[in-house]
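Take these sequences, add in the hints, and give me the full structure.
Each chain is listed here by its residues.
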Amino acid sequence: MNLNENYLDTEIPKKQLKPNKNGDYEGVAIVAPTSEPTTSVNMDETFFTKAPLAVTLTGDHSMSRSVSLNSLSTAYRTSTRTPSQARKPLARSKLLSADLTGSNDSIAQPTATLKRHSDPYFNWENDIRSRLAESIYSMETSVRGSEIQRRPYVSNEIPNVFKLSKLSDSSKPKDSQASYDKNFLIFTSAGKPIYCMHGKDEQIMSYTGLINTIISYFQVNGPSELKTISTYASGKRLTFLDKSPILLMAQSERGESSNELLNQLDFLYSYILSSLSERQLLRLFSKRENFDLRNYLETTDFENLNEICSLICNRMFPDLLLNSLQCLPFRHSSRVKLQNVILQQLDKRQDIPRGTLLYGLIIAPQNKLCCVLRPKGHTLHTTDLHLLFCLISHQFQNLDETQELWVPICFPKFNSSGFLYCYIKFLPNSAHNNEKSALVLISAQKDAFFSLKSFSDELITKLEGERLLKKINSAKGFKLSDIPAPMVHHFIYKSKQNVQYVMPHFEVNSNITLDSSQRLEYELKLKTYYQQLHGTVVRDNGNLLSRSILNFVKWSSKDNEDQTIDDPRMNFSELDEYVIGNSSFEQESVNMLGIAWVTPKFELYLIGNNGVVDKKVLLRSARKVANWCQKNESRLFISDGAVF
Amino acid sequence: MRLRYITVFDPSRSTNENDTFKQMLLFHYFGSTDSVPSLNEKLSTIGIIQGIWSLTSSGSEIDGEPNDLEKIIELNSDVIMCIKIESRFFISLAISNNDEDRSEIPFQYFSSYLWLSYKFFKLLNGSFARFNTGSNKLTDLLNEFVIPFWNDIYLNLATITNRSFTTIWPDYYKRANFQHKSYNSVNKNIDKESWDAIILQKILLDKKSYLGIKDILVYHLPKSTDADTKERIGTKTYGLVRNFTSDLNTLPDISNWLYHLHYTYGEISSHILTGNAHFKEELQVEEQERHHGTNEEQEDEQEQQRQGTPQNHKNMLSLSERMMHNVTLPISFAYDAIHEVSTTTGVSNSLSMIMDYVPKPRWPFTSSSSNKNNSNNRHSSINDNANANTVLRSDPEAIGGTIGTSRFGFLVSPLNSNVLPSSYQALKLCLNFGNSKNNEIFYNCLFWYFDDFLVMIVCDQDFNKIWEKDYLKDLNFQLCQSMKCLNSEIFDSLNCDTIESFSYVIRDSITHEIDSSVPFGIPKMTLDENISTLQLAINGIDQFINDSSNPLSLVNWNPISIMGGFNTNSKKDDTRGSENEVDGNQLAFKRRYLNFLNLMSSEKLWDLEIDILQFLLSLQNSKKDPEYFQEERLLKLNNGILCYIKETNSKLIIIIKNWFQHDDKAKTLKLRNHLSSNTSKESSLFQSLGDDVIDWWESREM
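Sequence lines, in order, name chains A and B. Just so it is clear: in the first sequence, position 406 is 406 by full-length UniProt numbering, and no numbers are missing. Just so it is clear: in the second sequence, position 442 is 442 by full-length UniProt numbering, and no numbers are missing.
Some clues are possibly wrong.
[Claimed, not checked] Straight line, CA to CA, 20 Å or less: simulated EDC-like cross-link-like pairs of lysine to aspartate or glutamate:
{"id": "1", "chain 1": "A", "residue 1": "616", "chain 2": "B", "residue 2": "631"}
{"id": "2", "chain 1": "A", "residue 1": "227", "chain 2": "B", "residue 2": "104"}
{"id": "3", "chain 1": "A", "residue 1": "368", "chain 2": "A", "residue 2": "401"}
{"id": "4", "chain 1": "A", "residue 1": "182", "chain 2": "B", "residue 2": "625"}
{"id": "5", "chain 1": "A", "residue 1": "337", "chain 2": "A", "residue 2": "347"}
{"id": "6", "chain 1": "A", "residue 1": "163", "chain 2": "B", "residue 2": "68"}
[To be verified] Stretch by stretch, here's where chain A covers chain B in the computed footprint (C-beta under 8 Å, at least three residues):
{"id": "7", "region": "41 to 52"}
{"id": "8", "region": "73 to 81"}
{"id": "9", "region": "633 to 640"}
None of these hints come from the bench; they were simulated from the model. Beta carbons are placed, not taken as given, at the ideal position from N, Cα and C, and that holds for glycine.
Below, the structure written as structure tokens:
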């Protein structure tokens, strides 16, 4: 469907837009926002009211009607009409009939054309057929999308209300790094680039040089640290993190607060530390200030940085935003059993001295924590776990269950100057999909590989024997339909006490595969909704506005009365009414309602289906979601883990 | 929170490495700096700001036009704000927050005032580009305006926060909202002429002044507290009542300038309007930077339209003396005489003597009852004497006086004595009328007041009628008639004595208007409470008066005339009859226009403002596509705030409620209607604000 969208930008003749005495706009079909929570188009209006009216049309419109063929190609044909003609058959019919009564001259020719194609039934039939065919493709994925991909209208798709740069936006030149709405830059205090998400070396060199000068100016003349440079008109924000000898910079136009950006930078820095450790980093730079760290880092490090950046920028990754972990929903009794099995196993192995095994983790696919084994009084920082999860899902994903890994990883929040050693083994999964859970055993001792390996082997056998492995592999999380909360599109529930969050599976069109561009687009859209919702309840410094908050945010198509007549771009009831073929469909108006609900116990971010405008309805559902999550807390969250 | 420095520079003035100093137009450090930074340090600061500007501006140009005009550089404890104006000048302000101050002022207020300081400068002096690159004129004027402007803020930071959070929008101005029905329905009393019809027909369209007077701006500027009861007065009615042209593009700037003056100094007077009043610290710690301040230049400047002498203390004392001594001598003598006589011999005995010195006001329309009015005036003179609020004129022909309980008169007009600088006769302001060919030209502006109403009359420069006394008398008469009508129209309106349960702000980006009922803070400096560390200094005059030769040290020296009615100023004396008092109270009560926020303490109000600012920042960060979508938010915080924010492409609507109260009401309502309406009504975000808000909104929309 190659519709010309230019008509969206053309102006309605001013005389059509003059308000009448009642304040309504004469001649413009005002699209009232539907109060019904529905995703369907208004069929009555489009079919049965408009079609007969269209037949009585005269003048230029009937000309275009006369050339309509008995096929769907009418859409192409008629879409070539001049925009103002194509837009509003209903409106024009009123205007034209007014013209007819007013002047006799204008009747003469139109009646002639009418006579030539005087079989209204013939036209009407074609019309309906084409409309029926098209009606099931009414909903666009993105209202602003340049390429129109129509979907069946019976879907729970949510519209995109954000100004997001397309992942594959080819209109902007790739070479200039200012053309990205988000970028990360890591360089040394001497100005040598280490990593950058977008952009080429030669451009970055001058850039980092300039930034370096500025940062050191403030260090000398302050002494003060440069934190943020914001430009309010364009919403561009540069945030700096000075971790000398490494400097990090984030550039964003996505409306993230500087605190959010700082968290992201800190995560990137943590990754570098996890690979190098702070002590090594300082040693490298203490010898030579202009050391080029790029030579020291491995290729996999850059790949991982790429992955982390894309995770932060483009994927649904609320972990950083909420500073919490995602957890695998698991039956409570099974989880207890699993923990007991691990503890028993550990008790059996008295040959493993305390301190050899620090932590043990079972990580389900998609970075969901399934089980944790930890010494009493010690927990791992979420950032450290995020790093570990990222490594497992990106770097080590290609291992099969026969292979095992022994890797030194620095956990920067645990101890930034030393390494811990991780034994990583993927658990066998009989279902032959690519999703494997991993067992991670963390030790402080370099030479503990064999004792941990034997421990792991025994544990896995035991787990298999207790049929727990099967349960882990079959644990699938939950769907939105499991919760009796209508009108909810998606939600994130964070338990503050456990620093963990859960969210239901994505349930968009099932034919969208995990890595398809549509899926990415959807994730980015959802991510932005959540980021915006979260942004409404936190201050600039990242603290919550208040101990408990209930916030509704509603995004909707603009009110008709709010348009300025002078500005052609503002005529945007056009958006609600797409012209397909001869018919004019009313595009579903956008009415997205989201809730950010913060209490001392939990945070709930919830997005309703498009069209839900009643806040009571959504709040009722939000209550149900919160109740459900609280009721199932033992299933959804790991409260304590296996403590030894 | 402390101001550090302000600098103005124009990089295009420097052509090579040897003349980089030329780009610096102004660099001023606030307060006493231990060591005066060298030129080199200043230049490096300017350089780094430029560097940051170009670093962050790359790629942000739309159609070759740079669209970023404001950048905020946040350091650990400091914030540097920089704005770019007229495509080549930069103004930059640095603030620091070293001492973990709890009452930290968000930098948005400062950056807004940075814009305002430029806009006010432009209003008074014209644009920066007007001045030759070769001359130092611009530097001189910047020294005269920008430094005192920011010094007042430096000395009293409340200046920038006391007009509520709506000040963070420097391009918008507040409009007065009277009761809608009475305000909008002009034809309510058909038999009576409406106030705006009088101005329109008898002044603007009158053949004597047709096209000579470009516009008349009517402001309602009540004080924030009632002088008697110390109760707050709602700010709903504060602001522009209306003007009479639609193409005055500078309207937001003029309005904000007047509001700023009013709230900085607590009043509007001739001296304040002409820019001769500023704060100073009693202990002289001011260290002023003057690059090119010589006496000759100073005198040149005096001939220019901007007549204020620079705010300075130590080094400029001799100059000020010379300049202002002559200027203010007649007033000072008259005042001294009155004061001396009244203090030595008692008020009642010296009445006749006072009246000899004080010019006798004429009553243009109540000549038959002049005796009564005279006594009234006498009355007021005595009453006001304590506050030195005398209607004091050097010109016996001056027009002004009272009708009933209302005071009126010119603040800036050719009726002021010739010995005063010419800005006292007509203030020249650089205005931009959309229809005029020259974008920005200077107009003679006269100021006239009627109680709390301030009327600004914009005249063409070649409109010579204003120099004729008869014409001014006529103008005075017509304005009086009009304001009398307006006054009665307002007081006829009903329902303004109830305390509204919500507060609103509506910002319209097409008309640049703000409707707001969010209360303003109380200005720290009012006449009644003289803060010990600060005093309002009228340049030259106070120095003259505080001179050792003068036995009377007058701290509360009040200039020629100060706007405001009696009932807000002079009811401390019990000379007024009890009946009058009741009337006054009723009037005051009627005029309060309160909402629930007025009842809150100013600390709580400030916390609320910070919260709302945070909501607005988060809205600013919103990534919704503004071309197609609008956003609504309804926030409910556990401290009771219920805040509704809606942003459409032309309007920003903020409604604040207390949901504790709101819920109570809703519950009782629910209980009452429980039987009658079981069907739960659909509730959008706006509908859930309650019926009173919906009623108000609907009446407003009509």
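Results for each hint:
In summary, the hint linking residue 616 of chain A to residue 631 of chain B is supported, as the alpha carbons are separated by about 18 Å, within the 20 Å threshold. Restraint check for residue 227 of chain A and residue 104 of chain B: the C-alpha separation of about 18 Å stays at or below 20 Å, so the hint holds. As the CA atoms of residue 368 of chain A and residue 401 of chain A are separated by approximately 18 Å, the hinted pair is consistent with the 20 Å bound. For the given pair, residue 182 of chain A sits about 17 Å from residue 625 of chain B by alpha-carbon distance, which is consistent with the 20 Å threshold.
This hinted pair checks out: residue 337 of chain A and residue 347 of chain A have alpha carbons roughly 15 Å apart, not beyond 20 Å. Distance restraint check for residue 163 of chain A and residue 68 of chain B: the Cα-Cα separation of roughly 19 Å lies within the 20 Å cut-off, and the hinted pair is therefore satisfied. For the region 41 to 52 of chain B, the assignment as covered by chain A holds, since 6 residues bring a beta-carbon within under 8 Å of that chain's beta-carbons and 3 suffice. For the region 73 to 81 of chain B, the assignment as covered by chain A holds, since 6 residues bring a beta-carbon within under 8 Å of that chain's beta-carbons and 3 suffice.
A count of 7 residues in the region 633 to 640 of chain B with a Cβ less than 8 Å from any Cβ of chain A is obtained; the coverage claim is therefore met, three being the minimum.
Violated hints for the displayed structure: none, as all numbered hints are satisfied.
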